[in-house]
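*Asks:* Listed below, chain by chain, are the residues.
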Amino acid sequence: MFRFYLFSLLILKHFTFYSQNIFTDITEESGIDHIYNIFESGGFGGGVAVFDFDDDGFEDLYLAGGKKSGVLYKNNGDSTFSDVTLSAGLITNDIITAGATTADVNKDGHIDLFVTTIAEKISNSKFKKLAKNLLFLNNGDGTFSKATEKFKLDIKNFSTGATFGDINSDGFPDLFIGNYFKDFVGNLGVLNGFTISDDYKPGSDELYLNVEGKYFKNISYLLDGCEPGYGFGGVFSDVDNDGDLDLYLINDFGEQKVSNQLLINEYPRLKFTNKSKEMNADSAVHAMGTAVGDYNNDGWMDYQVTNIFSGPLLVNRGNTEGFLDLSNELGVGIDIIASKAGPSTAVISWSPVFLDYDNDLDLDLFNSIGGINPPTMYLKDFLYENMGRVFKVNENSGIIDYGISRGTVKFDFDNDGDLDLFVVKQTPLWKDYNSTERVKSKLFRNDTKNDNNWLKVSLKGNESTSRGLGARVKIVSAGNNLMREVDGGSSHISQNTSILHFGLGDLNKIDSLVVTWPGGKKQILTEISINEHINIDEIDTKEESFIDWIVNFFNFAS
Amino acid sequence: MHLVFLFLIAQQKSLFSQDHSIARTWNEVILESIRNDFARPTVHARNLFHMSAMMYDIWTIFNKKSKPYFLNKNNNGVYIQYDETSFDKENEKALHEAISYASYRYLYHRYEVSPKFKKTKDLIDSVFCSLGYDPNFKSTNYKDGNSAALGNYIAKQVIDYGWKDGSNEKYFYTNLFYEPVNQPLILKNPGSQEINDPNRWQPLAFEKFIDQSGNEIPGSVPPFLGPEWGLTWPFSLDKNDLKLMNRDDFNFPVYYDPGPPPEFLDSDCKINSEFWWNHSYVSIWSSHLDPNDGVLWDISPGGIGNLDFSNIKYNVESLKGIYNRYDGGDFSSGYKINPITNKPYEKQLVPRGDYTRVIAEFWADGPDSETPPGHWFTILNYVSDHNEFDLKFEGKEKLTNLEWDIKAYFILGGAMHDAAIAAWGIKGFYDYIRPISAIRMMSDNGQSSDPNLINYSPLGIKLEKGYVELVDEKDRLAGKNKVNVGKIKVRAWKGHNYISNTETDNAGVGWILAENWWPYQRPTFVTPNFAGYISGHSTYSRAAAEVLTLLTGSEYFPGGMGEYKAKKNKFLVFEEGPTRDIKIQWATYRDASNQCSLSRIWGGIHPPVDDLPGRVIGEKIGIKAFDYGKSFF
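As you go down the protein sequences, you meet chains A and B in turn. Start counting the first sequence at -16; every next residue gets the next number (the working numbering). Start counting the second sequence at 6; every next residue gets the next number (the working numbering).
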């Protein structure tokens, strides 16, 4: 009897050898030709933001440029992209751009662009650290207008990651900006170690309240208990399921200076309470980026933070019990990449992105891997497949190259129902003599072949922000509960698609769909078709109570 | 791949031997699953127990006489419903099917998150399919008398019970409160490095990285395994023996509190001699690991065994009567005759360095092993298979193979589970330092024997001629520019730096700097990743020895002798050896347990004060578990 079994085992083994790559590098065909030009041999910068700037149904890309101008790539809808930076009025030659995010700041229906900066030109070839960030208002006709000063965002800083979220549920996106240095004298190239000298003072982050789409009011004093840290931004997300947007902000060199911080929104009061320690969210690591996703479908958002070596995967225990870092237990605690040629390398991961790349109901996880710069190496970014209880590296991701990875975003650029990836690469310090092509930023098309169902959801805010930033959609189907939040800026100094994507496996029916708009208003839908991209318009039901009015009145007055 | 197949063939030969019960088959499978998992004895004790109790409960459904453990009663607030169904009494085919389906589902669940699950899965699948069962039959509706569905149902209930039992399985058994107070000891560096609190556990870092600026970063630091394990629902432990002991705002559940271990400082702010005496024991016994030092021991039960430690206290005065500090071993008398054969035991003279190394590895129970709780299941299976043992419960009633295995696993599983809960509750609360940290720390401080000698410190280790001395100028260890003069040296097993090939080299014993002292363990393991006080090995082993004694109705192994053969130059894996074939022998189960305890001192991971409380508490646990388990029959 067991002979028969051995035979069947052999067949099984044979089948597992058969495989093909999941993602295909189509950068060249797409017409995208980009590399983030580093400034002063430093490893900073390389953000990317996804938004449909021309409202044609195909999401476009804004890529920060560093020493060269940032670039706006229009998605032509035929898997090619065109550089429209010049016509859009987005040339940024005299300023060192780092990261990017988007939101409809003035609520005119067109998505605006916010670009973080670290230095500006002061004379012909001289740059000075600290610069004003850039706010570009979308005019709706393919052009943008600079509105930094008009919106009172004129503090000069060394800014890295920014994120939008509506903290007071007034429909206008508020803004958090992570700042790295207070100031910095010298060449950024000295920062190539796992520790940092006390001589380099960390920056204070900024929090802004959007006042009716007219200007931003600096409310950084609300960042309760947040000492200056080497900030790489953060993310607005509903950590405690109370319907409002909390703020999880991340810091590099957390072991030495200030750890990551969790600020719980006390909405309807305009107030944040620092619960970093209490909720065990104060990971002291070299935090580079953060991803939001309910990987175990238990109805509570979990967060991964990238790091030098493996970063924490903070599993939300729910009911304000706080977080547990289960990165090792969950199989994403990989510290070292063994190399066949030469010594093994410490993993330095930058962009974490939760995505269900194979549409099988559970969120998988992507981490872009890149050296501190140098070196360039033939490295695989990590694609972790969610196996149910743990993750496992998928060896057939197809995402492997010589480039130095930084910001990464997910989006479905070809609208075929699966999520594609864009990975920004930095110019290497060591010239790569073999090819300049192979180290450039990459567009990876998802070529997963299966019959799994899916659903894409766009939110159309009315009382809420235009794309419902931070809003949450839950779908229930045959006992499965899937939950997504609209990204206002996350990953490493970047912003993912604002279209929510659900892999549905073999489910062919959705029992119900619930939208929770920031502030807690719920909207329930049934009769939802699948394998489609649906739009959900916000229904106006909210009436401001007298108490709300009083609270808002006093908050604005302060 | 070939290896896997060869292994499966070998495995299946033993698994499907005619004499083995279906319970034994699945017990062998879980033991192999444990070997493919991390060395986490708490988790495996629980897995062994839940599986044994699950098989026992299914057996009671068919036996219709004994009371089940889980079914139709309130266990810690969980009620597992079983509706009486028309399963025929002693329908063997149905019983085998139910046990197999339950075991299959259960093992899949409990070992799915194992590092070598691929291997485990191949084994579980192959055994299950070879028995002729269908993995795709997933129904849990047993009420029409389907025994496969019954197995699926019971497994599901036991798995669900496990989500609630305080072990924190949901979050992979991670610690919810515990944080270590000491910085990790980077094993590639000398000394104990930074110890904030010398009474507390220090994690170990197995790698270090140096960045471009020359900064050292510790990599891969295993966390404390199971400091909150006392929260897990036990088998027979009694609330009257439980104290909630608060530290760092957490109430550690502690059963059988043995009181605190010796602290580093005495009341005069000098090194506490009880602390020193205990930890320096371990480096001294490390010097016994040389097979060529000319010391020969009779390791037969005539020479070693029959130790009495009743009324022991845990202070040095009392411990001195048990352990032989310089020569090694305990002051046991051995047995004049084998009481079963009425003949004297045949002498077995072997080098002490072979004996000590062989038992240090035999009982290591670390990586790739079935861990201590599993080890005692293999000893139980060895006894059950023994020609001279006839499966009499308590030495009286003869049972069938299956009934014997079912009942024995149930009680031994319960005892091992309780031992884990008690020992780890104590480990978590006292969080006591391990010898590798303590020996290096005391030596880093200097010597406390003579203020007139170099490198004096009241916090230092004490000098003991021939074992612990100072490096002088002429010393081979003095080093370049005499940098090491005045440092502490110990005569001990020299460590892995002296072994390049574990099949041909042995490190041997000699003088080394105390700052480089290593336990006799694998370089990838070094010391288990949890506090030392109290010894898990001692607790498990003594509890198991008591269970085996009561189960079989005799304290002696069948025929008055248990035996294990260690082949010359084959058996040892940490290094080359032993230098000749050796038989590990025990007259009684307690002798085996005592040997296991001592082996942890030679293995460099426990001082005497970790060991004895474990034995004393283990004895209580074993007896209690047996009485409680028997009450179900």
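Heads up, a few of these hints could be off.
What the hints assert, rightly or not - Taking lysine-lysine and the DSS-like style, the derived pairs with C-alpha atoms no more than 25 Å apart in a straight line are:
#: 1; chain 1: B; residue 1: K70; chain 2: A; residue 2: K363
#: 2; chain 1: B; residue 1: K72; chain 2: B; residue 2: K175
#: 3; chain 1: A; residue 1: K375; chain 2: A; residue 2: K90
#: 4; chain 1: A; residue 1: K375; chain 2: B; residue 2: K175
#: 5; chain 1: A; residue 1: K375; chain 2: B; residue 2: K123
#: 6; chain 1: B; residue 1: K126; chain 2: A; residue 2: K375
#: 7; chain 1: B; residue 1: K169; chain 2: B; residue 2: K70
#: 8; chain 1: B; residue 1: K72; chain 2: B; residue 2: K161
#: 9; chain 1: B; residue 1: K121; chain 2: B; residue 2: K70
#: 10; chain 1: B; residue 1: K175; chain 2: A; residue 2: K457
#: 11; chain 1: A; residue 1: K197; chain 2: A; residue 2: K50
#: 12; chain 1: A; residue 1: K240; chain 2: B; residue 2: K213
#: 13; chain 1: A; residue 1: K260; chain 2: B; residue 2: K175
#: 14; chain 1: B; residue 1: K625; chain 2: A; residue 2: K375
#: 15; chain 1: B; residue 1: K575; chain 2: B; residue 2: K588
#: 16; chain 1: B; residue 1: K318; chain 2: B; residue 2: K625
#: 17; chain 1: A; residue 1: K375; chain 2: B; residue 2: K629
#: 18; chain 1: A; residue 1: K363; chain 2: B; residue 2: K213
#: 19; chain 1: A; residue 1: K112; chain 2: A; residue 2: K197
#: 20; chain 1: A; residue 1: K363; chain 2: B; residue 2: K98
#: 21; chain 1: A; residue 1: K50; chain 2: A; residue 2: K90
#: 22; chain 1: B; residue 1: K70; chain 2: B; residue 2: K575
In case anyone wonders, no lab produced these hints; they're calculated from the structure. Just so we're clear, the structure is a prediction, and the values are computed from it rather than from any experiment.
*Asks:* Run every hint past the structure and note whether it holds.
*Replies:* The hints, checked one at a time:
1. Restraint check for B:K70 and A:K363: not satisfied, since their Cα atoms lie roughly 61 Å apart, outside the 25 Å limit.
2. This hinted pair does not check out: B:K72 and B:K175 have alpha carbons roughly 30 Å apart, beyond 25 Å.
3. Taking the CA atoms of A:K375 and A:K90, the gap is near 42 Å; set against the 25 Å cutoff, the hint is violated.
4. Proximity of A:K375 to B:K175 is assessed by CA-CA distance (about 18 Å); at most 25 Å being required, the pair is judged to hold.
5. Among the hinted pairs, A:K375 with B:K123 is consistent with the structure: their alpha-carbon atoms are about 13 Å apart, no more than 25 Å.
6. Between B:K126 and A:K375 the alpha-carbon distance is near 16 Å, which keeps this suggested pair within the 25 Å criterion.
7. In summary, the hint linking B:K169 to B:K70 is not supported, as the alpha carbons are separated by about 29 Å, beyond the 25 Å threshold.
8. A hinted pair counts as satisfied when its Cα atoms are at most 25 Å apart, and B:K72 with B:K161 qualifies at roughly 20 Å.
9. At most 25 Å may separate the alpha-carbon atoms for a hinted pair to count; B:K121 and B:K70 exceed this at roughly 40 Å.
10. Taken as a hint, the B:K175 and A:K457 pair is honoured in the structure, with Cα atoms around 23 Å apart against an allowance of 25 Å.
11. About 31 Å separates the Cα atoms of A:K197 and A:K50, which puts this hinted pair outside 25 Å; it is violated.
12. Among the hinted pairs, A:K240 with B:K213 is consistent with the structure: their alpha-carbon atoms are about 21 Å apart, no more than 25 Å.
13. Note on A:K260 and B:K175: the hinted pairing holds, with a Cα-Cα distance of about 22 Å set against a maximum of 25 Å.
14. Under the criterion of a C-alpha separation no larger than 25 Å, the hint pairing B:K625 with A:K375 is inconsistent with the structure, at around 44 Å.
15. With a C-alpha separation of about 13 Å, the suggested pair B:K575 and B:K588 falls inside the 25 Å cut-off, and the hint holds.
16. Simply put, B:K318 and B:K625 have alpha-carbon atoms about 16 Å apart, close enough for the 25 Å limit, and the pair holds.
17. Between A:K375 and B:K629, the direct Cα distance comes to roughly 43 Å. Violation of the 25 Å bound is thereby established for this hinted pair.
18. Taking the CA atoms of A:K363 and B:K213, the gap is about 23 Å. The hint holds against a cut of 25 Å.
19. Between A:K112 and A:K197 the CA atoms are separated by roughly 29 Å; this puts the pair beyond 25 Å, and the hint is violated.
20. A C-alpha spacing of about 52 Å is found between A:K363 and B:K98, which places the hinted pair above 25 Å, so the restraint is violated.
21. Taking the CA atoms of A:K50 and A:K90, the gap is near 31 Å; set against the 25 Å cutoff, the hint is violated.
22. Of the pairs offered as hints, the one joining B:K70 and B:K575 is violated, with about 49 Å between alpha carbons and a cut-off of 25 Å exceeded.
Hint check: violations occur at hints 1, 2, 3, 7, 9, 11, 14, 17, 19, 20, 21, 22; the rest are consistent with the structure.
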